[in-house]
Structure formats: C-alpha cells, structure tokens
Amino acid sequence: MIEKSVVTIRVNGNYLNAEADVRMTLADFLRDRLDLTGTHLGCEHGVCGSCTILLDGRSVRSCLMLAVQADGADIETVEGLASPDGELHPIQEAFARHHALQCGFCTPGFLMAVKEYLSERPDGGEAEIRQRLSGNLCRCTGYQNIVDAVIELVESGVA
Amino acid sequence: MIVDINRVGGLDYVRREGDLVRLGALVRHRTVELDQEIRSRCSMIGDAMSLLGHVAIRNRGTVAGSFAHADPAAEWPALALALDADCTLMGRSGLRTVPARRFFEGFMTTALQPDEMLAEVSFTLPPANAGSSFFEVARRRGDFAQAGAGVVLVINEGEVSLARITLLGLGSTPLRATRAEEGLIGERPTSDVLRRIAGVAAESMDPLDDVHADAGYKRHVGRVMVQRALATAHSRARVSQ
Amino acid sequence: MEPSKRYVGASVARREDRRLLMGAGRFAADLKLQGMAEVAFLRSPVAHGLVDVLDIDEARELEGVLAVYTAADLEGKVESFTRPFYKNVDPEVERRSDLQIAPYRADLLVRDRVIRLDEPLAVVVANDRYIAEDALELIQLDIEPLPVVSDVDAALAPGAPEVNPDVPGNIHARFRITVGQPDQALATSPHRLTETIRYGRSVGSPMETRGVVVQPDPGRGTLTVWANNQRPHLLRTYVAEMLRMADDDIRVVAPEIGGSFGGGIYAEEILVAALARDLRRPLRWIEDRRENLGNARHSRDQIHRIEVGFDDEGRILALKDWFALDCGAYNPFAITIPYNTASHLRNQFRIDNFECEAVCVATNKLQNTPVRGAGRVVAVFVMDRIVDLVADETGLDPVEIRRRNLIPGDLMPYDMGMLYRDGAPIEYDTGNFTEQFERLLAVVDLEGFRREQASLKSSGRFIGIGFSSHVEGSGYGPFEGAKVRVDNTGHVTVHTGTTAHGQSHETTLAQVCADSLGVPIDTVTVRSGDTSLIPHGGGTFASRVAVTGGSAVHMTSELVKAKILAVAGHMLEADPRDLELVDGLVHPRGAPDISLSLSEIAQAAAPGSGGLPEGMGPGIEEQSFYVPPTVVFASGSHAAIVEVDRETGVVEIVRYLVVDECGRVINPMVVDGQQHGGVAHGVGNALLEQVIYDSEGQLLTGSFVDYLLPTATDVPRIEVEHQMYPTERNPIGVKGVGEGATSSAPAAIASAIVDALRPLRIQLNELPVSPAGLRKLIEEAESGAAPMSAATSS
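Residue numbers (the working numbering), protein chains in the order written: chain G, 1 to 159; chain Y, 160 to 400; chain U, 401 to 1194.
Hints were generated in silico from the structure; no laboratory data involved. There may be inaccurate statements among the hints.
Keeping only pairs whose Cα atoms sit at most 25 Å apart, straight-line, the calculated SDA-like set for lysine to any residue is [what the hints assert, rightly or not]:
1) U/K1176 - Y/V257
2) U/K477 - U/A506
3) G/K4 - U/P1159
4) G/K4 - U/E691
5) U/K405 - G/P84
6) G/K4 - Y/M160
7) U/K857 - U/D792
8) U/K1176 - Y/G330
9) U/K857 - U/E1052
10) U/K432 - G/P84
11) G/K4 - U/L462
12) U/K432 - U/E691
13) G/K4 - U/D792
14) U/K857 - Y/M160
15) U/K432 - G/G86
16) U/K432 - G/D32
17) U/K1176 - Y/V370
18) G/K4 - U/Q434
Using C-beta positions, here's what the derived DEER-type ranges look like [what the hints assert, rightly or not]:
19) G/D56 - U/S855: 27 to 35 Å
20) U/I1092 - G/E128: 28 to 36 Å
21) G/T8 - U/A424: 52 to 60 Å
22) Y/R338 - G/H45: 22 to 30 Å
23) Y/R338 - G/E128: 55 to 63 Å
24) G/S119 - Y/N165: 19 to 27 Å
25) Y/G358 - U/G809: 33 to 41 Å
26) Y/R251 - U/R511: 52 to 60 Å
27) U/Q434 - Y/N165: 33 to 41 Å
Just so it is clear, CB atoms sit at the ideal spot from N, CA and C, and this is done for glycine as well.
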C-alpha cells in the first residue's frame, strides 16, 4: 500500500491542495493532480530543465522533488506568468518577438529559469546569459533567439 | 525508505568564527556560491561553485549532501580535501568528527555508518594572502568533471610556503597530491617548476575508464588542470617581499 | 490594385506562440480522458536471446493493474508489421541499382526470440504509470542469451551469428549506383587515395518523448488516436490494416508535438490502439527518456571506404565508395537512408565518374531511422573530408580544391546521372554554388582570418576554419493536400495533411494562403495533423511542407479565388475576369468603391441561398492535391571557425556562418530559426552526441547524463545569409529548409579542427570527435604513428 498525504501549496498565488502518493514527484503532482500541464517532463532525471518551476522564488527541477516535499511552499509555474486577463508577461512577449520558441516543449522551463535570473537584476552580457541558460536543453531553436530575448530583457531592466 | 531532512529547522546555518567556516547540513551550494566573503577569501571555492551543475541544481543540492554522496568527480569532495575540512557525523551514539582525508573511504563510500547523518562540515579559509583556483574539464559546462584540480598557494618572499593540490575525477576518491605539494615547498613557482610539479601530481592519479574518456586521457588532462590551476593560483597570490 | 501587404517574404510573427508561451499547448502527456488507464512496456534487458520464462501472473494480481498482455494474448487482435513504411522502392531505382532487399517483418511483442535490447515483451495496463511500473518489476523474465552481433564488422564476418531469421547473411539490403566510367577514370587518374570514414550513431531525441492516447468508442467500433507522429494519415493506414478496421473508423490526431526530427510507425502506437479497443477503455502511453534513447530514432552509423582519383590541380576525377549502414535488427525503411547518402554524396561537386555501393547490415541494435539529415549528413561529411584529403595530398588550400570542383553556376540545371529515390533523374534545378561559396568567403573575410590565425599561433593558440557545402533534395512527394474554405463570416480555414512540430506551419502556410487568395492574414487559420480534416495527407518529413504543403495551399487557394470571383461575378452581374480579390474584398478592376466582402459572397454561395450561377455547387470550399514532379534542390555553404585547446582537446566554436539557398523564402525569421536549430543539432553530432552500445549490445548512453545534447554554451552565434534561386518545379518557387544545416555543421566543424592543427596532419576521419578522441588523434599525428590515407600516384 503506498502511503498518501495531502499536499497543500500556493501555486501562482492560489492555495491548492490535493492528495498524493508519497512517492509522487512534484512535477506529476502539478500536472496530474492540479491540472497544471504547462510544466513538461523531458527526462525525469534532472538534466533537461523542461520541468523547471520556481519554489519559494528559486528555480528547481520539479521532476527531482517529491510532492510532499513541497508542502507549504510557494510555487510559480508558467501558467502564472500572464495576467488573469491574458496579458502576456514581458518575458513571454520578448520570447515571441525574438522567435525564441519553435515546438514550445522546453519553453515553460526556460521562462521560469529566465524569471529567476531577471529577479537577480543581472547586468551580464551574452556569455553570462548563455552560461545561465545552459541548464535548459532545447532541440529546436539552437538557443540564439532565446539568448537574444534575454539580452533584450536584461538591457531593458525587466525583473 | 527515504528520510527527508529538509524540514528540520536550524540546519542551514553558515557560521564564521574567525577564519573557521561552519556549514550546517542544509546549506545549499547556491548559498555558498553567493557568499561574497567566502568567495573573496577563497577563489577556488567560487570557481568550483560556478562549475557545479546549474543554478536549479545548486538551489537544492547541499554541500553536506555532496560530501556524503562522495562522487570522486564532484567538486565538494575535492574541495573538502584541499581545505582540510572536518566532518561532524551525528548518530545514535552522539557526535563524532572525522577529517575529510579519512571521511572519503572508497568509491562513493564514506565513514558514515547506516545510523549517521552528516550534520556539519567545517573548514578554515586559506590565509588572506593565498591564491587559489579550481579548474576542470567536463564534456559540457555543468557536467560531471572528467578531471579537475583545485590549488591553494601561499607565496612568501618569492617561494611557495603553502601548497595544497586536490584532484577530482582522477581516482576512486578525491585525492591530495601530497608528493607534488611537498615538492613545491621552498621552490620559486616558475612555469618550469609548475610544469614539473604537475607531472609529479600526475603520478598519484589513478582514474577509471568511462564511456566518455579512458584513464589515459584523464591522467593527461588531469596534469594539464593541475598546471593551469597552479599558474592561476600563483597569479592570484599576494606575493610578499 | 496592389494588396496593402504581401506576406510571403515577410517575417510574420507566429500564430503558434501565444498558447505555447502560456503553457496551454496540449501535448500527448497533457491529454486526460475520463476512465483513462496508463500503459507501460516490459522491455528485453538483453540484446539477443530465447525467452525461457515470461510469467505475468503476479503482475496481473497487483492492485491497480487492469491487464497484462504478452504476444500470445494478441492473437487475433492485431497483425504484425509486414511491409516497410514509405512506399516500396521505385521500380526503376530498384532495377538500375541492382537492389537486393530482404522482406521486412516485425511482431509487435516478442514471441520467443529477442533480437535487440529493449524489444517489448509485454504490456501492462494500470490505473497510473507508477503502478504499471511496479507491475513490470513483478513480471518474471528469463532469457537464455544468444551471441550478440554488436557491430557491422561482426555482422559481416564469416560465420557470424544470425541476427534476424528473415535477413540472410545479416544483410537487409544492398545496391550499387554507377555513373560514367569510375573504374577507368580511377585507373587513369594521376593520383589516387583511399580512406575509411566513419560516422557514429546518434539519436534524434526531441525534448518530448513519444506518446499515444487512444479513445475507443465500443458502441460504434471506432477509435480516436492522438499520437505525436509526423504522419497521421500513414499511422491511420497502419492502424486500420493491423487492427483490421476501416480507415474511416479511425481518426488520428497529432496533438501539439514537442519536436520530432524523424520517425516512423511504432509498435507502441499500434499496440495501444489494439489494447484500447480490446479493453474498451481509453489508454495512454507516455514514453520515458530511457525508452526514447533506446527505442526511437537512431540514426547515422555508417562506415565508408572511399577511393578518389585526382590530378595535380586537385580536380577530382573519380570517386568510388563502398559503405555499410548499421541498420539494426529490423529495417522498416527499405533503402531510404542509404539511397539518400548515395544520392547526395557528390553534393555540390562535379564528379561525373562515380560509383557507390551500399550494404544495410543487420546487428542486434535498434533500427536505423531517417533523422534530420537522413543519410545526407554522412554524405556531406564524407565529401567534405575528401576535399581536405585531396588538399593535404596536393598541398593546395582546401578553399582552392573546393573552388575547382564545385559545379559552376553556368552549368545549372545539372544532371547528376542517377535517379533520386522517387524515380526521377537527379537534376539540380536552380542555384549557384560557386557564387554561394564566394559569398561565404567574402562574409567570413578569409584573408583576415588567415592573418589572425598566424598571429595567434605564434602565441600558442590554435584557431582554424572549415567549410562545408551541401545540396538538399527537398519537397519529396508523392503528394500533399490542402482544403481551403471560406465560412459565412468570411473567415478562411486551411486544412492540410501535414503536421507541425515547431516548423511554424500555422504561420507560413497562412502567409501563402493570404497572398494567393488575396486576404488579410488575420482572417486565415491553418489546421493540420488530423485525418478528419482532409482525407489524404503525406505528413511532415524530408523538408517537404513548404514545397508540397505550400504548393497545395497555393493551388487550392487559387481554385477558391476562382470560385469567389465566379460567385461575385454572378452577384455583380460582371464578368469574373474583370474582378479582383484584394485585401479580402472583391471589386471590379478600377472601381474599388464597388465591393463585396467574403462573408457576403460565402453567404450567397450557401446551399439553398439561390445566389449561385446555374450548375455551380454550393459553398466556397476547394480541396486539391499537389503532386510534385520530383524534388527540388536547396543548397548551403557553411563556415566554422573553432579554437582548439591542444592540450585538452576541447573545441570551442568561435564563429559560424551560413549561406542558405532555399528558393523563395516564405518567412525569413522562420528560415533563420531552422538554420540555428539545424546547426545546433550538427554541433551535437560533431562533438557530443553518440549512442554507444557495448559488445553485449547493452546501451551505455541511456540518459541525458551520458547522451549529450548541446547546450547554450556549446552552440555558437550563427550568422545567416540568404541566397535566393527560386525553382520552377512548383508554383511558389520554394525549396525545403531544415536538414541541410544539420548535414553541413559537423563537416564544417571537423574541417575547422583539422585546419587549426595544421601543419600537423590529424586523421579526423570519424565523427563524433570528443576531446579525448581529438587528443588521441593529435598524439598519433605527433608521434608519426597515425595511419595516413593510402595514397598512390601513377
């Protein structure tokens, strides 16, 4: 019998709870119990970054955490970026402007990683941005347009 | 069964007692990475932190966890040796301290007993006039190192008075290249000397073959890493006259 | 009257972005159906063996498990694979190439003999994936190992163990192409060289793994299949045949697809459909990454033995190539890949005496699949390597060798003397390779680079420049379909038989329709990837959608426009030839103040409205299928500048340039994005990615820790220049894009590494090259122990 536990988290500003097997990953919990399927699973071993979310303001691989470990945490996922009336976040708009996505599978992970980066008020150039983005894999874009979107965001001081 | 200590309060402390740094079990890599004081006193640690995985990994991974996992290609076990760190083990029978050089017993095996956890790691920062650096070769940035070296040097009146050379990915545990260190004491750190010392360090390397590289390559590139780490540490050391 | 905006040629922003940026795209793993159960596969832990014990009783008993199937349980429920995917080899190609080919047959689940690692033995259906995987662990499996054939040499050795009972001598297929008089030309060449060139195995590895969701309607006996498959209509055909159902009772829908880069029809897709029907409930299977790395889209993996005849000026007079493709245990793709290699081997070069013999070899590995580049990748590396070898032998600059051998622009169109795999003669339709290469050299500033190279070398730093050129046969047939409809609101819907997995078709095909029809792009919506939208579709592969999908959309839009003008003419009592449709309004030429909107026209054309000319059918909707005459040849020239850390073997790409020629460009932003992605994939293939099996057929690269995809610090900034030579082989003048860059990047990088280390002559005849591998090449060259290409002169 797999033990279950009720997990209560604040997601994108809303308090939500659901029951989860104690062995369920945070990624599966978000996707399957809370129907927040914007966070994607590319490898389930912490390398590709598609599952990246913010937990208490810090980027984490949600595939490497158990749901129960996130009990009481403050979580941000891609679904929380745009405003409730559908206005895109400046990061999302920059990605669109620069054609920084093709298939879109890795995109939510990149958006959350970039959000954390910008919150640090960086002033780095392309090399630093590429290093920072090297933890997220993309097979479609070759990264250049993502880098250009982030350069624009850094230069315009978006946080 | 998995025991999760993330919610145990009071384990995430970073304490400075003079030059002694004490890190609780839950100190994340990212915390050390962003600690300006530690970085400015020891470039080797700062260099290593930026090569350790990626930010999302550093946000959750802990220093003590890296010690306990004891991957010979990981940064912290090698740093532990270079800094002569002490490991405080906590178990049913209480606390005991094991120095790093005895903590790493074999391939991903430590002195931890089944009922013990690593409660704290502590180390003394190198002297203020020391120069240090950390170099590694990995297939991609953030990947596990194929070979690497961390170096701390103190130069006194043009001669090496303190040398620590630690090796990662070059054995079944992290290694201190003690013969190479001894060979440096009293020497003037010219590039010829550093090249020779790197060769001495290579003699204590005993790397394993893996899918990415064979032992011969790792030994060769390990020597190059030692040489470069020595050169950079030298350039960063404050030379007294 | 001119339209206010022309869309083709403009970097129109993408329609796809909003939902993807918001995380609202629905990929296979995001689909949830009521009552849905999850599927997991038991896969063989050995590469070759006889199944002794396969006991599923305990697994069946686990709480939460709904069913467990083995091969025996499938009897009467689903057929096996019995023919290759893509239509059989063109008969003329078959005849002219002396093709010998073994039949393709594969069971969906192993009956008694495993012939590759990970081959599926059983399927578990459970309430969730966690329980399904628990059940897998409860299945008792005993396999008596048989000797493993782990590579081509082992497979072709005398007395080699048999890999596949349907494949005698471990040869799936062999063929030979001959152009001109290669033996004679070789014998009379002033110089000859031979060399062996290898290309390792890699895996397509999109960020999304495979997934399929099937919803049965037991009452009606129908199925809906969501699968992230590039070819929904083909999948429907296979599901229908193998489940013995009518085409029409199956709907295949491609959800959002997270990259694909190649594909096929998979046993898992057929099995989930069969089981959903059998269990009468919705099922979902989402592959995990370990499965993907071992079971989907392995590619490249060739060994070439070349013989080149050349003269003192570096003119290549003859080329003979024998090559083996490690095809794995099964061959569902006939000769698609090796024939692509043979067809593209001479690339942009004028070599009229040529022979290419290919052998598809069976080993106990996963099948070889066309993956981005699809055989062209290896061809390009081989040819570009030949340029460097001839340069080394003659002492001439590789740039000169290239110049002297490129097909000159004034000889286009150029007949290459052999057939493409569609049966048509390979004739490069348009392009100018010499102009392309000179343009690349100008942008790269070769002289400036050589000065910098010399200066850095004197301070102990090694930079090098390498070039690659390719042609890409694109826009493969046999057809593609488009349906264009105007609804009562005046909105235009385009349905095609293609699918999208990041290529921006919703945008680019809307651009084509908007221009061809004469409407604002905001009034056009493109949908694809759904067999219920259009009865026949070719799908997306081989860089074909701009050509075939675009042409189908264009042709169909013109038909719709004709009908619109005919109805409008009836309404205005004017001759349709005096009317024009511009910016969504129809008006007489020269009288813009008299106009009809599309919604007015559509309403007039509605059934029963009485607004139609005598004998004309209702609705503003047309459907047509474009059949290309043959492929069109896009081309490109690349330059890579690298810095080599000689001591560690680490390679950094410092600068990368592309001159791309893809005919008329629909959306420059999209084309550039395809160049970036293609080059990035090539960087991976050159320096990082390799599928490694050990001698027991065990997969050593089963996770992203060991199978290394390039990251943002591995891929350089890529400068793209466009050259444009529209083709006349389709009505919109476009050529395909997306695979050429993947082909040239590894070759350019390899060539740059060689250049960086000159005058030391490293024998870089194999990709990928790791730092450890490069160090070995350097050490061999330094010690003089390197095996040099065997070169002779007469």
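Cross-check of the supplied hints:
1. With a C-alpha separation of about 41 Å, the suggested pair U/K1176 and Y/V257 falls outside the 25 Å cut-off, and the hint is violated.
2. Our distance criterion of 25 Å between C-alpha atoms is met by U/K477 and U/A506, whose separation comes to about 16 Å.
3. Between G/K4 and U/P1159 the CA atoms are separated by roughly 67 Å; this puts the pair beyond 25 Å, and the hint is violated.
4. A distance of roughly 28 Å separates the Cα atoms of G/K4 and U/E691; the hinted pair therefore is violated under the 25 Å criterion.
5. The straight-line distance between the Cα atoms of U/K405 and G/P84 is roughly 34 Å, outside the 25 Å bound, and the hint therefore fails.
6. Distance restraint check for G/K4 and Y/M160: the Cα-Cα separation of roughly 14 Å lies within the 25 Å cut-off, and the hinted pair is therefore satisfied.
7. At roughly 20 Å between alpha-carbon atoms, U/K857 and U/D792 fall within 25 Å of each other, so this suggested pair holds.
8. Taking the CA atoms of U/K1176 and Y/G330, the gap is near 21 Å; set against the 25 Å cutoff, the hint holds.
9. At most 25 Å may separate the alpha-carbon atoms for a hinted pair to count; U/K857 and U/E1052 meet this at roughly 16 Å.
10. Restraint check for U/K432 and G/P84: the C-alpha separation of about 24 Å stays at or below 25 Å, so the hint holds.
11. Straight-line distance between C-alpha atoms of G/K4 and U/L462 comes to about 18 Å, which keeps the hinted pair within the 25 Å bound.
12. For the hint pairing U/K432 with U/E691, the CA-to-CA distance comes to about 22 Å; that is within 25 Å, so the pair holds.
13. Under the criterion of a C-alpha separation no larger than 25 Å, the hint pairing G/K4 with U/D792 is inconsistent with the structure, at around 68 Å.
14. With a C-alpha separation of about 58 Å, the suggested pairing of U/K857 with Y/M160 is violated against the 25 Å cut-off.
15. The suggested pairing of U/K432 with G/G86 holds, with an alpha-carbon distance near 24 Å, which does not exceed 25 Å.
16. Among the hinted pairs, U/K432 with G/D32 is consistent with the structure: their alpha-carbon atoms are about 9 Å apart, no more than 25 Å.
17. For the hint linking U/K1176 to Y/V370, the alpha-carbon distance of about 15 Å falls within 25 Å, and the restraint holds.
18. Distance check on the hinted pair: G/K4 and U/Q434 sit about 22 Å apart at the alpha-carbon level, within 25 Å; holds.
19. With their beta carbons about 51 Å apart, G/D56 and U/S855 fall outside the hinted range of 27 to 35 Å.
20. A hinted range of 28 to 36 Å for the beta carbons of U/I1092 and G/E128 is consistent with their spacing of about 33 Å.
21. The hinted range of 52 to 60 Å is not satisfied by G/T8 and U/A424, whose Cβ atoms lie roughly 25 Å apart.
22. Under the hint 22 to 30 Å, the C-beta atoms of Y/R338 and G/H45, about 39 Å apart, miss the expected range.
23. Distance hint for Y/R338 and G/E128: a CB-CB separation of about 39 Å, inconsistent with the stated range 55 to 63 Å.
24. In this structure, G/S119 and Y/N165 meet the distance hint of 19 to 27 Å, their C-beta atoms being roughly 22 Å apart.
25. Our hint of 33 to 41 Å for Y/G358 and U/G809 is violated, since their Cβ atoms are close to 57 Å apart.
26. A beta carbon spacing of about 55 Å between Y/R251 and U/R511 agrees with the range 52 to 60 Å that was offered as a hint.
27. Restraint check, U/Q434 to Y/N165: a C-beta distance of roughly 36 Å satisfies the suggested window 33 to 41 Å.
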